Each structure stands twice: as structure tokens, then as C-alpha cells.
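> With the hints as constraints, model all of the structure from the sequences given.
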Amino acid sequence: MNPSAEMLAYVKRNLCLNDIEIIYLENIHEQCKTQRAKILKRLEELRNINVDLTNAQNP
Numbered sequence: 001m002n003p004s005a006e007m008l009a010y011v012k013r014n015l016c017l018n019d020i021e022i023i024y025l026e027n028i029h030e031q032c033k034t035q036r037a038k039i040l041k042r043l044e045e046l047r048n049i050n051v052d053l054t055n056a057q058n059p
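FYI, the numbering for the sequence shown is 1 to 59, going by the UniProt record's numbering.
Mixed in with the good hints, there may be bad ones.
Pairwise CB distance ranges (calculated) [stated by the list, open to error]:
hint	residue 1	residue 2	range
1	L43	A9	21 to 29 Å
2	R47	S4	18 to 26 Å
3	N14	L46	37 to 45 Å
4	N14	P59	56 to 64 Å
5	V51	I28	28 to 36 Å
6	V51	E26	32 to 40 Å
7	L40	E6	18 to 26 Å
8	N48	I28	27 to 35 Å
9	D19	I39	38 to 46 Å
10	N55	Y24	44 to 52 Å
No lab work stands behind these hints: they were computed from the structure. All figures in this text were calculated on a predicted structure; none of them were measured in a lab. Glycine included, each C-beta is placed from N, C-alpha and C at the ideal position.
Following this line, the structure appears as C-alpha cells:
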């Protein structure tokens with residue numbers, strides 16, 4: 001289980017939340033995972049561009 005999933009499980013167990021609040025938290029959790037994946041993908045793209053530029057400057 002990843003840390004964010006563990007935190008979500010902790011929140012569900014230890015806070016008195018109704019079903020709508022839990023669904024809301026789960027939706028935010030999914031959005032965060034999606035955004036993180038997009039950020040990591042873009043970071044990899046930028047790293048590749050950096051390598052390409054470095055290689056172009058030092059043939």
C-alpha cells in the first residue's frame with residue numbers, strides 16, 4: 001500500500017465521516033494520483049530534453 005492510500009485508510013478508520021465525505025476524499029486522492037503521474041511523465045520528458053541539449057552542445 002502506498003503512503004497516500006495508507007493515509008486515506010487511516011482517515012476513514014479514525015474520523016467520523018459520512019459516505020459523501022469519504023467519496024469526496026477518494027476522488028481527491030484519485031485526482032492527486034493522476035496529477036502526480038502527469039508531473040512525473042513531464043519531468044521525464046524534460047530530463048530527456050536536457051540530455052538531448054547536453055549531447056548537442058558536446059558532440
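> A separate judgement is required for each hint: does it hold in the structure or not?
Do the hints match the structure? See the list:
no., hint, result
1, L43 - A9: 21 to 29 Å, "holds (28 Å)"
2, R47 - S4: 18 to 26 Å, "holds (24 Å)"
3, N14 - L46: 37 to 45 Å, "holds (39 Å)"
4, N14 - P59: 56 to 64 Å, "holds (59 Å)"
5, V51 - I28: 28 to 36 Å, "holds (35 Å)"
6, V51 - E26: 32 to 40 Å, "holds (38 Å)"
7, L40 - E6: 18 to 26 Å, "holds (20 Å)"
8, N48 - I28: 27 to 35 Å, "holds (31 Å)"
9, D19 - I39: 38 to 46 Å, "violated (30 Å)"
10, N55 - Y24: 44 to 52 Å, "holds (47 Å)"
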